[in-house]
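J.: With the hints as a guide, bring both chains together as one complex.
This is what each chain is made of:
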Amino acid sequence: MTQAINIIVLPVLIGLLLFLIPAGFRFIKGIIAIGVTLITGFLAIRLFGSEDIVFSLGDWVAASGMQTPGLNAYADADKYSSFSLDGLSKLITLFISLLSLLIAVYSIMYKTAGAMRNYHAWFLITLGFSFGAVLSNNLLLFLICWGILGLTLYRLIRGNDETSSAAAKKTLIIIGASDGIMILGIAIIWRITGTLNMDEITLPTSDLVRTVAFLALLAGSFTKAGAFPFHTWVPDYAEKAPATSSAYLPASLDKLLGIYFLARITTGLFAVGEWLRFMMLTIGVITIITAVMMALVQHNYKRLLGFHAVSQVGYMILGFGLGSLIGVAAGLFHMINNAIYKGGLFLTAGAVEQQTGKEELNELGGLSRAMPLTFFAALIFALSISGIPPFNGFASKWMIYQGIIDFGQGIGIANKLWIIWLGLAVLGSALTLASFIKFIGGIFLGRQRKELSAVREASPVMWIPMLILAMGCIGFGVFATNQIIPRLFMPVTGVFEYTGIWDSSTVSLLVLVSIALGILIYLMGNLKNFRTLDSFVGGEKMQEETSFSTLEFYKSFQEFKWLAFMYRKAKDKWFDLYDLTRQFLTWLGRLFSRAHSGILHDYTLWVLAGLVILLLLLIT
Amino acid sequence: METYLFYFLIYPGFLFAAVIGAFLSWFDRKITARVQFRKGPPLLQPFYDFFKLLLVKETILPARGAKGVFLAAPVFAVFGATMAGVFILLPLMNITTGFHGDLIVIFYLLTIPSLTYVIGALSSGNPLAAVGASREMKLIMSYELTFLLVMAGIIIKSGQSIDLYQIIQIQREGSPFIGSFSGVLLFIVAIFCLQAKLALVPFDMPEAETEICDGIFIEYSGTPYAMIRLSKYMLFFILPAFIIAILMNGIKLEGIHILWAILKLLAVVLLLTLIRNTNPRVKIKQAIRFFFTWMNLLAIIAIVLAIFGL
Chain A
1 MTQAINIIVL PVLIGLLLFL IPAGFRFIKG IIAIGVTLIT GFLAIRLFGS EDIVFSLGDW
61 VAASGMQTPG LNAYADADKY SSFSLDGLSK LITLFISLLS LLIAVYSIMY KTAGAMRNYH
121 AWFLITLGFS FGAVLSNNLL LFLICWGILG LTLYRLIRGN DETSSAAAKK TLIIIGASDG
181 IMILGIAIIW RITGTLNMDE ITLPTSDLVR TVAFLALLAG SFTKAGAFPF HTWVPDYAEK
241 APATSSAYLP ASLDKLLGIY FLARITTGLF AVGEWLRFMM LTIGVITIIT AVMMALVQHN
301 YKRLLGFHAV SQVGYMILGF GLGSLIGVAA GLFHMINNAI YKGGLFLTAG AVEQQTGKEE
361 LNELGGLSRA MPLTFFAALI FALSISGIPP FNGFASKWMI YQGIIDFGQG IGIANKLWII
421 WLGLAVLGSA LTLASFIKFI GGIFLGRQRK ELSAVREASP VMWIPMLILA MGCIGFGVFA
481 TNQIIPRLFM PVTGVFEYTG IWDSSTVSLL VLVSIALGIL IYLMGNLKNF RTLDSFVGGE
541 KMQEETSFST LEFYKSFQEF KWLAFMYRKA KDKWFDLYDL TRQFLTWLGR LFSRAHSGIL
601 HDYTLWVLAG LVILLLLLIT
Chain B
1 METYLFYFLI YPGFLFAAVI GAFLSWFDRK ITARVQFRKG PPLLQPFYDF FKLLLVKETI
61 LPARGAKGVF LAAPVFAVFG ATMAGVFILL PLMNITTGFH GDLIVIFYLL TIPSLTYVIG
121 ALSSGNPLAA VGASREMKLI MSYELTFLLV MAGIIIKSGQ SIDLYQIIQI QREGSPFIGS
181 FSGVLLFIVA IFCLQAKLAL VPFDMPEAET EICDGIFIEY SGTPYAMIRL SKYMLFFILP
241 AFIIAILMNG IKLEGIHILW AILKLLAVVL LLTLIRNTNP RVKIKQAIRF FFTWMNLLAI
301 IAIVLAIFGL
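Line by line, the protein sequences are chains A and B.
The first sequence begins at 1 in my numbering and counts up one residue at a time.
The second sequence begins at 1 in my numbering and counts up one residue at a time.
For the record, the hints were derived by calculation from the structure and aren't laboratory data.
Check the hints yourself; a few may be wrong.
The calculated DSBU-like cross-link candidates involving lysine-lysine, where the alpha carbons are at most 30 Å apart (straight line), are [stated by the list, open to error]:
| hint | chain 1 | residue 1 | chain 2 | residue 2 |
| --- | --- | --- | --- | --- |
| 1 | A | K555 | B | K57 |
| 2 | B | K67 | A | K569 |
| 3 | A | K528 | B | K39 |
| 4 | A | K358 | B | K67 |
| 5 | A | K450 | B | K285 |
| 6 | B | K39 | B | K57 |
| 7 | B | K39 | A | K555 |
| 8 | A | K571 | A | K555 |
| 9 | A | K555 | B | K67 |
| 10 | A | K573 | A | K561 |
| 11 | B | K285 | A | K571 |
| 12 | A | K571 | B | K39 |
| 13 | A | K170 | A | K358 |
| 14 | B | K285 | B | K57 |
| 15 | A | K573 | B | K285 |
| 16 | A | K528 | B | K57 |
| 17 | B | K39 | A | K569 |
| 18 | A | K358 | A | K573 |
| 19 | B | K39 | A | K561 |
From the derived model, a few chain A residues whose C-beta atoms are all more than 10 Å from chain B [claimed, not checked]:
| hint | residue |
| --- | --- |
| 20 | F19 |
| 21 | A187 |
| 22 | T205 |
| 23 | V297 |
| 24 | L361 |
| 25 | F375 |
| 26 | L431 |
| 27 | V455 |
| 28 | E457 |
| 29 | R582 |
Every residue, glycine too, gets a C-beta built ideally from N, C-alpha and C.
In isolation and in its complexed conformation, chain B is listed as follows (with noise of 0.2 Å):
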């Protein structure tokens, strides 16, 4: 029982998926900085940020809203990323005792943060926050078919195997996945479902702030809003660590490949800090059809190639 407690407190779990996140988070925001010309935030911004919300920052609740329920929905945010994040990194740090989830599991898991923040809005009884939560059930229904089609992709090219750890194997022993056409297609069509999924433009229509204040966040400061920004952060980094996982081979945290670890890391974020900040944000209609229509077609696409092997 420690040793579970351990994994999902302290490594590879809460504590830190967080300051990992929190760290990408940095980076997500300096690269931003760079490609708009400014100087960026310092290393530690992030956790600045935190902790003057966790500590500073005054809490204002809803006043006829569900009190409650609006402080118990990031609790569950929070939970739903920690254990996530506990069954994605595990396999993914080989680390071989405790418990495991297959990827259906996985899958159920990440819906739990989109969720929890729709019903923390909704709870708030504002109506712009409402409009987000709309707008992010909606993108949870776009998106929801795609990444199942993703993962569908995955469990052919891996023999019908739904075990990460297994998953991850399969591929040290052959190659990467993302190594061949399906994979690539399947790459990019997973890179899409973490931009909506991560509410980055151009998904970011849920908390779009120049039109409807954050939406869904629109109701939330202090302390709430902190563990928002804490699950927000540990989305950020098991997010990218999934797509490592079933597409490119994992890491190895030994010698020289801890570097490439990082890089492989630093890789996938990088592509969706340049995704969302060369791209304007589509309206929720747009985003329904793009993935419904172009996204789905492309991992069908990858399937059937997968299929035969391509």
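Chain A extracted, bound-state conformation (with noise of 0.2 Å):
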């Protein structure tokens, strides 16, 4: 118990002190900020082996053995401050913390974060309050944290030109308008069950006033999450912001609380009925598809990844939407691997960024020798989350496809759709290869540009979290189906059989005899024998311009009518939700400003007709 409050309550309060440190000591705030969250990450270490509790602040105090005077008083208070310890809860504890020191290491050397004031107070925050969402049990004290945490987010975006204030500003909309929607739904809860603890609620989605609740919890978790139609705050956001604040919330926070609060709408708060599926699976499919669609024609590289971290969300709420066993523990390996790999392409993006000065694809090319720590951290991820056997995201993805499969058997609308869904999934898994084909050619392959040829490796602080990650990817993919799967998903979700073959670590091993069988080859063959040339255009002169650039590689989709007249209509931005509200408002605030003709006969009749309707009302 000791252990869940204090892994809160440090972060926030060291976070807070960090105000009064004067921002000429950033070093030493960054070491501090890594302080804690080592300590945070051994405590969400001890936590992950302690056994499921559910406790309230009264509970805690009373084995403490602090005796207050006049806590009494706050007896009443007491059932709104639970707490819960479970398996979800306590795995998704451990992550936030592991990717949270990860961050808070490479930020030390990220000039972009470090010129932010309160950068690294605001981080501890966002870290403190995170682990409060997570291991709430009370929805009133789950959405205090979870609302705190939209600020901190606004916080952590740097506004100080037009457009990434306008970003900031959308964000802090969108997404404190999807709190206001579940306060809504929390309310109805309250209303029908009369209590707020989680542990407590199980809820059919069978009337129309449950529905309501739940696609109200629904939009919260999706907002943050950052799915369809909710997500545009996400590449606008990733596009301005500093690479560790995107690779902080959007990337691996926010999809952690927000996915983590949608298995508990899902598999606890709810029971979901086969409609609710149905739109859930829509979607799912709808996220992965539209997202990856923009990301690529996208040339700035930070907006690409932005995209990204929406479509990966629709694999997670496939995963949910299935809602077998094996469905919901897809759903959060998919969760864990985006954390790890969209976390790091963010600071692979932040380190390429800080190293050339650049954030427009052509702009840059050849980088991969200028830093080859960073491109292979960055090809890693990228063959993570294009689903390439034998990493991580493939796993995830893999234990998805054969959910969807198994689901067909059954006899429901959504079941008899299967084909659509999976379809749709490995097409948003070629597409996501296609833009990543686009992320790292442009960025790492390709001629070398003389322009670039100063560039330096990132420093090794920006670097080792990097490495560490695309370790973790490999890792998790490895050993995904016979440790990962069964030691940190089963005791989660309950115990699965795979309907699919797939044993990731014999498959690994492979892997390895096939370099090592590479290179046999290449000692065999005749390579000692080579010459290098600049490149052959077939008899042409080559010239300090030739080029194809990866910018160029999609155009032909443009051209087809109907993708063209979607391209155009997304520029336009019209499947913005924000972008649709804001103008609806805009139009309606024209409509008043009407009536303020300034003459004062229209001011009279207004009146006039105000008092009219005032005394029908009052009159029935």
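T.: Structure follows, in structure tokens:
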């Protein structure tokens, strides 16, 4: 119990104290942040080994033997301060602390983050309230932590010019609005059940009111995780925020929290009906396809990653939409994997940005020799996110696919359409691969540019976290089927059997065998007798500006009529809920402003009309 | 572990697939020559080609590319082809011991060779290779969904089984899947997917010789190119073998059945060769449209037929 309280309170307290340290002592703040994340990491590991328990603040006070006078006065508040330690919350806590540790280390040398005021303070406060959200058992307490996280998200982006402050504002408004919707859902739950403790609530989604409550909470979870149609803040945020903030919140913590809450509401709070499953699966595939189609045509690499941060959520939603044990486990596994590789990808993007000072894909190229370690890490992350075996992204996608195929044996409408879910999920994976070819090819491969010849590898403080995450991708892939799933995820979901066949460890061993074989062939071959020459372009003279930019790669898709139409509309923000709402509100405002004609007659008329309406209301 | 290594490296993995694939590629070249009223190469020509590239030819590395990635890419191409080959050929050869992989695993492993070609091409820094890489990637995007729909059709026909071994058994007990309407349609779609996966005409735009000088492979020479040829040979065997496994009730390696096995294999390869010899290369946009509209439509018709048991 004490550890659970400490892990929440400690980062928040230290974070608040960091506000007192002057901005000049940035490095010291960074070191303190690392220290705190180390302690929380230690606590999270201790918590992971502890047993499941539900306790309130009062239980903790009683257990710790503190005798505070006047505590009885708060006895009623006790039921709102309920915490829960179970398999799911312990797992999420563990990964939150691991990822935050790596990002805290990276942040020390990352200048864009360092230049922000109180970055480390907000970082630690985010950490504490993330733990709070995951460990709280009471919906109200959860909502408070969740709401503060929306605020810290806003504070972790630098609003120093027009576009980035617009992105920050958009983020705050979307997240804030979703919190408002969640309050509605929680109020309905309170009205129906009379309790707000998650372990005491199980509701069917049989009638309209309960369905509305479910949808309200679902909207909150989707917004945090960044699923269609509430996803539009993620790409803007990713483009404008420092890479560490993107790696920290939208890429990893918000995914962990959003999907954590999704897991809570779909497997605990509500028994999800068939049509809602159908809806979730549909949203899942729409999220995958639309976001990845947008990613294909981006030219800012951070924005490209932002769209992928959206599209990957679709796979998790698919897993939870299936609702079977393997589906839920796959959703959770994909969430963890996504946090690892997406966090890592933002870190590599940050390293590239810092070392080159460029944010556009077409200004980069051929960096693999200058930044070999960053390139290696980025390649591993890219292959993982595209689901190439034997990396971790493949393992979780494989589970989702077999979950879908298994789901196809059922009799419902959603079950009968399994081929659609499967086909679009696999198509999304192929498109992901394509857009990461653009990312890797555009930044690291291709012809080395003269103007980038001075670029050097990022500092070890930056590449060590990246390589640790890359090792995580490899490790989670290699030991997926026989170690990771049974040890980490089956305790949470319950034991299940795979319907597919995939032995990740053997295959990984055979990868090593193949590499040895390849080296052997190279040794056998005539490799010593080599020359290096500039590119052969069919006998023409190779010129400095001769190139085929990766931006041109998928142009032919934009030439198809209906795709071109969709892209044009997407550019005009037809699919951006935020923008649509904004346009609607401006329209409404304009409508009302017409009443303000400045003519006295009109105003008297309005006053009179108001009086008549009031009178009518009072009479009836 | 020794048996695993044997399966992986010797039979039915690396060595076996490479040798059979080389012979099949000779068959392909011979048929092509006969179609064009030429004499054609001798039986061992693919081996001559391979060893000449491996042992004699000079290797040229791109001066301003990523040399490490450039050299590593063919290794992983060979890995992808071998691994997929083992997973396809073990059930096909009726070897029940050893490791298995389901259809999803095979599906994903089969994309690895194409992916490594793309990465290798991009690492060379050659603009023509980049054109080829872009086309290859677009081709992957177009046929991936179609190929998956073929798999889905097979999964439906076999009663939601994704185990290749079981799929072959189900066909042995009943009739081969190709013996139904949906099976025929799936076979047609699968053949076109193979054509694209093997980058044969009409879908050879990633390596269009006359236009972008072999595109994705333009910078490859000597030993690394030998490995690429090797992976191509292997794919030329395992992809037709995969079709035989999922649609034509596999093969048996005893008595007269060996002859049947060889005939089935040659028939599929002959089909691929004839398509490639009687068609012109299409543009990439035409290929995208072909797969996205027509092949997907055909596959969906096949799936609907399969749901109704036809």
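J.: Find the hints from earlier in the document that the structure breaks and name them by number, from lowest to highest.
T.: 1, 2, 3, 5, 7, 12, 14, 17, 19, 25 and 26
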